[in-house]
Amino acid sequence: MGGRANGRRAWWEDGMSEIVRVSDLTKAYQGGVTGALNGISLAIEAGEFTAIMGPSGSGKSTLLNLIAGLDRPTGGSVTVAGTDLGRLGESGLARFRRDHIGFVFQFFHLLPNLTALENVLIPAQLKSTTSAEAAGRKLLEQLGIKEMADRYPAKLSGGQQQRVAIARALINNPALLLADEPTGALDTASGEQVMSLLAELHRQGQTIVLVTHDAKLATRHAARVVSIVDGRVVDDARLETTERAAADVIRVRSEEMTR
Amino acid sequence: MSLKYGVMGLLAEEPLHGYEVKNRFEAMLGGTWEVNIGQVYTTLQRLERDGLAQPVGERGDRGKLLYKLSSAGHRALDEWLAQPDSGPQQLHEDIYVKLLLATRLANGELGPLLARQKRAYLQRLRDLNQLEDRARRDGRNDLARLVRGALLHTEADLKWVDELTADAHGGKTE
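Chains A and B are the protein sequences, given in the same order.
With the first letter of the first sequence counted as 1, position 100 gets the number 100 in our numbering; the numbers rise by one all the way through.
With the first letter of the second sequence counted as 1, position 61 gets the number 61 in our numbering; the numbers rise by one all the way through.
Isolated chain A (complex conformation) (with noise of 0.2 Å):
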């Protein structure tokens, strides 16, 4: 992939480096614990590649739409790129979204009636941006799709509907790309394909916030690993990047020779 389509600019430009900040989040669900949070302070540099991981029902998927806008907390606040979510209205929160936040799911949510480049363009046309279609055009040609720009969806395989997602994600050059489970509906050669082009998006400066359940994968591409269970974080680790010799990560172990 060369250069971000349409002028994006690295996080380090914009003299910001905090871009989400959490603070005491609850989420409370009638009925049942499942996926409820207890009280979560968290804060994302721009630029980092964050992984959020836990068990089924642990409240990381609830964490990550918290920080999208597209629930609203129990108690506690959200802050994304300045913007303490709590403030906006609902109208309010729709424009923050639309313009700051890409959102990728597990199982895509594209439009079938509408072409792969159509889906892409959804985000841009709601804020109308001109030459929009060039800049989706650019970006499914980024992340290697560009022949399918007018194919409809149930014309695409799942590794290239995550992509087009992915671009739809994209469009609007969001301060934050938020991902829940984005392989989890793939098989694993195209789960492969979708983490490879998060780790480029990221090298080129875009601050992404992944949650799996996958501790491969989460480790494999995001230098910070942030744990949840029962809605609480656990651990919140940063990960060296320096690549060890092989001897430093695996020994194959000797039996001593007694006779």
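By construction, these hints were calculated from the structure, which means they are not laboratory data.
Certain hints may be false.
Looking from chain B toward chain A, a few residues come up when the C-beta cut is under 7 Å (computed) [said to hold, decoys possible]: (1) K64; (2) L65; (3) D127; (4) A166.
In silico lysine-lysine, DSS-like type, Cα no more than 27 Å apart, as pairs [unchecked claim]: (5) B:K159 <-> A:K216; (6) A:K138 <-> A:K155; (7) B:K98 <-> A:K216; (8) B:K98 <-> B:K159.
The C-beta atom is built at its ideal place from N, Cα and C for all residues, glycine as well.
Guided by the hints, dock chain B onto chain A, whose structure is given.
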């Protein structure tokens, strides 16, 4: 496993002298097992003593002596290859004993111990991911399979620590 059968396997391919055995063995293991030349010579001498390998010809340049596998050596190697790894599960890492001792010494306070261990496993998983990628880039699919085994073990270790952590929090795992 022991160095003995690794050396025998290499000698089964073609006669080698000590340094070649060392170099080929380390290359095969992709840097995950370094042996010193003394161990290799000791192994070769023991194989000769037990009739499993024999010298080929006279000592050549700088006293180098080629060894080849004997027919008894070939049989022993085939037998070893055909034998599944059974016997007790090997738990070499300290965490198992630390866990038991922490339960006694720290009033059952396992949280911090588990959190630190989890980080170590996450880091290991990341390092193993890189090692697997590197092995594949280098066209070493045999080595990538070995790393994959280590990766899956580490994923299991992580699950185990998560389970213990959930227990420690009084919750349930899934």
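Which numbered hints fail: 1 and 2
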